[in-house]
Amino acid sequence: MNILSLSYLLFVLIVWLLARALRPGKGRQWLLLAASYGFYATWSLKFLAILVASSLANYALGIYLRRRPTAGRLWTAIAFNLLLLATFKYLPAWTTHEGVGNVPGLLAHLIMPIGVSFWTFEALSYLFDVYREEDLDPSLTEFCLYLAFWPTVLSGPVCRLPELLPQLRSAEPVWNDIAEGTRRIVLGFFMKTVLSQILGAGLRPGEGVDFGFNQIARGWSGFDVWILALGFGFQMYFDFAGYSNIVIGTARLFGIQLRENFRDPFLSTTPAEFWTRWHMSLSFWIRDYVFLPLATWRPQVWWRHFALVLSMMLFGFWHGADSTYIIWGASQGLFLMAHRQFQQFQRRTNLQLPASVLNFGGWAITFTFMLLSWVIFRANDLHQAVAMFRALIHLGGYRQVTLPWNFVRTTILIAGLYFAVAGLRKLAENMKRNTVMARLGWALSPAMYATAMLLIVLMSIHKSVFVYLQF
Amino acid sequence: MTEAIQEMTDYIARELVRRPGVEITPETPLVSSGLVDSFALVEIFVKLEKLTNRRIPAAKIQPKDMDTVSLMFATAEKIGKLRQ
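Order-wise, the sequence lines are chains A and B. The numbering of the first sequence is this note's numbering, which starts it at 6 and goes up by one. The numbering of the second sequence is this note's numbering, which starts it at 28 and goes up by one.
Keep in mind that the hints were calculated from the coordinates and are not lab data. One should not assume that every hint holds.
Have a look at the derived ranges for each label pair, beta carbon to beta carbon [claimed, not checked]: (1) A:L418 to B:R81: 53 to 61 angstroms; (2) A:L88 to B:R46: 42 to 50 angstroms; (3) A:A369 to B:K105: 39 to 47 angstroms; (4) B:A85 to A:F394: 51 to 59 angstroms; (5) A:F365 to B:K105: 23 to 31 angstroms; (6) A:M6 to B:S60: 16 to 24 angstroms.
From the three backbone atoms N, C-alpha and C, an ideal C-beta is built for every residue, glycine too.
Okay, chain A solo, but in the shape it has when bound:
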């Protein structure tokens, strides 16, 4: 079941009405678990079988670890989950890779359950928390629901049991939850079906980011590459932040507050700040369970830098075993390291720069770097990424533009609108104390939502899927 479909909205409505008839507690947990398994089974019964098997095994591993939380037992649990990921995420991708040839026996039938990397990371965080002797005592139903909870099972946000468990036990939606949940769902649909769709597929055939990245035979000029990087950066943002809004909004309808996943990432003034605003649930997971244990393992400064680059490479590898993802991750690690060096240089030399210069310069460098790094992330292979970077440094090529002008204008307009809306939102936050402005906001919001809904309906005629479903 695609969460952009009408059947999904109907499904949410039915489960919500049934949940209202039940009191918070076991009955409602059973209902949510049945709905979650039903939802996941619509993708494939085989996927569901793997999810259930993983849930049962991880629950058993949690009991085993709680009895004696030793490093050996933790490593056993980690090894199980890594093996699961290797088998169901990386092996199926490898068997379909060009040049592998005929794959024997069972290997040829391996499947990749959708969302496997998201719910496996949730299972791992539970096991780490048990090892840390955190006060956690989920029942089997609660644990299965934690991994399978339908709003998050496909593409996160990556949840943590200590935050979710009390809500699964006693959450009761109030009017504010329903209003906020609905607002997030409408906003998410608008971001995905309108903005991301326009950037990805273009307004007309033969336009859009996907078409631009695939025009390999024609090649690209430097200007083309900048526009494609800008377009893809915003397409990814509207796609995944839109998806996150829909699932966070859905959970909120049931009174459950999930972790946020995006917080205006393109306004970041440093790379370190960017990674606390972009795909936050995963970047914090990597920080807490990979980077910190690894970086504190040895006291030397060089080791910390190494741990940083390695953690970001793992971040890239999480998306897939392609060299482009790993190089993208390494480039993020090196950029974070360079930023750290600059901070230290600034402190050592007592370099005082005006805050406006520091903020604007930091934003410009961070934004530009992130755009360029999307070229590596999105390129079909490393050869294409190299060709596109070559076009960037070939100054003579800037005179020509091979992309359709309509797409160029649309991309610049959408990016400009993003910054205008972000600026207006900051202004509105400052004006919230003013009652006249607050009332004006209330009066305008129905018109804004009506426009958003109209655009969603108009754009829904295009078939669209979320970019992050492939991870």
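Let chain A serve as the given structure and place chain B on it in line with the hints.
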């Protein structure tokens, strides 16, 4: 311990906070407020081990356990092992 807490507070204010000039006390939220980043957290961890003379198992600690200077010293005392 009070001296060590003060030394850590001064160290963070002088060397690690993102926004220089912000007043740091032993109760100031550091991680949840975004005042320190992940890299600074590692430096705080290393300094904490030195000041408390304890070995703190990294896998047993989370950023939320180090959100304030007071909290990180309490955590170190709870899970750290005294060095010989």
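Handout entry: Hints that the structure is at odds with (numbers, increasing)
Key = Those not satisfied are hints 4, 5 and 6.
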